[in-house]
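Please construct the entire structure, taking both the sequences and the accompanying hints into account.
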Amino acid sequence: MVNIFSFFTRKKQSKRASWAGAPSSGQPDLAASAVNFENVSPAVKLQTSRFLSLRTRSSARRLESPKDNPPGPRRSSESLRRRARRPSSVGPLPRLEVSFGPVGEVDDDVVVIPGPSLGLDDYGQTPQLTPKEIEVIRKVKLSVDEVRACWQLFGKHLKQTGESGLTK
Amino acid sequence: MLISGCETIDIMLPDHRNPDPTTVRYLIALFLLHQRPAMGTSFPTINARIAQLRPATLFSLLLDSSLMGDPGPHELCEVLVFALQHLSHNQPSLIDSEMYKIFVQAEHKARYPLDAYTTLLLPRLPQGVGAYLDTIFDVFAEIASKSQTNVVWGGKLCLVYGRTIWGINTNKRDWEYIYREWQFAGRRLEHLFCAWIR
Numbered sequence: 000m001v002n003i004f005s006f007f008t009r010k011k012q013s014k015r016a017s018w019a020g021a022p023s024s025g026q027p028d029l030a031a032s033a034v035n036f037e038n039v040s041p042a043v044k045l046q047t048s049r050f051l052s053l054r055t056r057s058s059a060r061r062l063e064s065p066k067d068n069p070p071g072p073r074r075s076s077e078s079l080r081r082r083a084r085r086p087s088s089v090g091p092l093p094r095l096e097v098s099f100g101p102v103g104e105v106d107d108d109v110v111v112i113p114g115p116s117l118g119l120d121d122y123g124q125t126p127q128l129t130p131k132e133i134e135v136i137r138k139v140k141l142s143v144d145e146v147r148a149c150w151q152l153f154g155k156h157l158k159q160t161g162e163s164g165l166t167k
Numbered sequence: 000m001l002i003s004g005c006e007t008i009d010i011m012l013p014d015h016r017n018p019d020p021t022t023v024r025y026l027i028a029l030f031l032l033h034q035r036p037a038m039g040t041s042f043p044t045i046n047a048r049i050a051q052l053r054p055a056t057l058f059s060l061l062l063d064s065s066l067m068g069d070p071g072p073h074e075l076c077e078v079l080v081f082a083l084q085h086l087s088h089n090q091p092s093l094i095d096s097e098m099y100k101i102f103v104q105a106e107h108k109a110r111y112p113l114d115a116y117t118t119l120l121l122p123r124l125p126q127g128v129g130a131y132l133d134t135i136f137d138v139f140a141e142i143a144s145k146s147q148t149n150v151v152w153g154g155k156l157c158l159v160y161g162r163t164i165w166g167i168n169t170n171k172r173d174w175e176y177i178y179r180e181w182q183f184a185g186r187r188l189e190h191l192f193c194a195w196i197r
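Chains Z and E are the protein sequences, given in the same order. Using numbering that gives the first Met the number 0, you'd call the opening residue of the first sequence number 0 and step up by one each time. Using numbering that gives the first Met the number 0, you'd call the opening residue of the second sequence number 0 and step up by one each time.
Possibly wrong hints are sitting among the right ones.
Here are the simulated DSSO-like pairs of lysine-lysine, each with C-alpha atoms no more than 27 Å apart in a straight line [unchecked claim]:
hint: 1; chain 1: Z; residue 1: 158; chain 2: Z; residue 2: 140
hint: 2; chain 1: Z; residue 1: 155; chain 2: E; residue 2: 155
hint: 3; chain 1: E; residue 1: 171; chain 2: Z; residue 2: 140
hint: 4; chain 1: E; residue 1: 100; chain 2: E; residue 2: 171
hint: 5; chain 1: Z; residue 1: 158; chain 2: E; residue 2: 145
hint: 6; chain 1: E; residue 1: 171; chain 2: E; residue 2: 155
hint: 7; chain 1: E; residue 1: 100; chain 2: E; residue 2: 145
hint: 8; chain 1: E; residue 1: 145; chain 2: Z; residue 2: 138
hint: 9; chain 1: E; residue 1: 145; chain 2: Z; residue 2: 155
hint: 10; chain 1: E; residue 1: 145; chain 2: E; residue 2: 155
hint: 11; chain 1: Z; residue 1: 155; chain 2: Z; residue 2: 140
hint: 12; chain 1: Z; residue 1: 158; chain 2: E; residue 2: 100
hint: 13; chain 1: Z; residue 1: 155; chain 2: Z; residue 2: 131
Listed next, the stretches of chain E that the computed footprint assigns to chain Z, with coverage defined by at least 3 CB atoms under 8 Å from CB atoms of chain Z [said to hold, decoys possible]:
hint: 14; stretch: 90-100
hint: 15; stretch: 179-186
To be clear, the hints were calculated from the coordinates, so they are not data collected in a lab. Beta carbons are placed, not taken as given, at the ideal position from N, Cα and C, and that holds for glycine.
Next comes the structure, spelled out in structure tokens:
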């Protein structure tokens, strides 16, 4: 029967060996002397994994305790490395297209799901006149009374936004 | 502090900052529809936005709401200049040159009274022209009263727009003739403006 604790000892030793680089001639090759875990029976494997999981849980509980979890950055580099290796489970967020603006404006990391238009595309916007309508404006002739009315109306608004920049 | 309206630098001058042409055209179209509701069929873009009930009233409401939406002073000035440039009448000029000379002589004879504008000029003007000049001078006076901020004084406005306000109809393409006409009209309008202020 394989000693379960030897598994953990071997694992730590192998990490230390890889950290230090190639083992010197004086030191025994710890990786080579490690027991091949694949040859271990399934029951032992299960027991080991349970033990691992309990250990993980208990360490997590210890971390949660206010006595054992002092404020500040986490000390465990292993947990940080594990977290960095974990792939992001959140992909690009879908965005519902409500047609308030042009459909073509899409960010690179946003997936646009075309939705029904709310019919508010041009709400609040100054309408663009057609070339025909612009031509009508260009050719219009005004009488003296109409010019006077125009200056009276628009001149009044020009004067009202005068003193402090605020409409009176 | 936001400074706008009549205090805007170089207000009413031709080389002011870019007004928004879409807003200017929209305001002009609304004004035309307000004055001539029968033109509604000429502006289907605007017609499509309003109900068909009492169009004359609705155009008036649309115009008021657009103006309350606070268009910029340059847009408002563009509309004012547009109105002047599209003035149409059948005479060689709106204010007759001979009539003006008679006014000058009468004013000089009466030793430049304070009410020269109302007693010596207005009775000699064609119908509607007096109110037309009165409205224009009112806006000019408001702009000129802020000349320390906007660097635009009454004389400058009269010189720039004098020929247009005078309503000179001419087909002559001679540059010297047009320039002389422009100078005379500007100086004469400035004289009338000073008489109006007095």
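Evaluation of the provided hints:
1. 158/Z with 140/Z: 26 Å, holds
2. 155/Z with 155/E: 21 Å, holds
3. 171/E with 140/Z: Since the Cα atoms of residue 171/E and residue 140/Z sit roughly 21 Å apart, the hinted pair holds (cutoff 27 Å).
4. 100/E with 171/E: Satisfied, since the Cα-Cα distance of roughly 23 Å is no more than 27 Å.
5. 158/Z with 145/E: Given that 27 Å is the threshold and the Cα spacing comes to 11 Å, the pair holds.
6. 171/E with 155/E: Between residue 171/E and residue 155/E the Cα gap is close to 25 Å, so the pair holds against 27 Å.
7. 100/E with 145/E: Since the Cα atoms of residue 100/E and residue 145/E sit roughly 32 Å apart, the hinted pair is violated (cutoff 27 Å).
8. 145/E with 138/Z: 34 Å, violated
9. 145/E with 155/Z: Measuring from Cα to Cα gives roughly 15 Å; hence the hint holds.
10. 145/E with 155/E: 13 Å, holds
11. 155/Z with 140/Z: 22 Å, holds
12. 158/Z with 100/E: 33 Å, violated
13. 155/Z with 131/Z: 30 Å, violated
14. 90-100: violated (count 1)
15. 179-186: violated (count 0)
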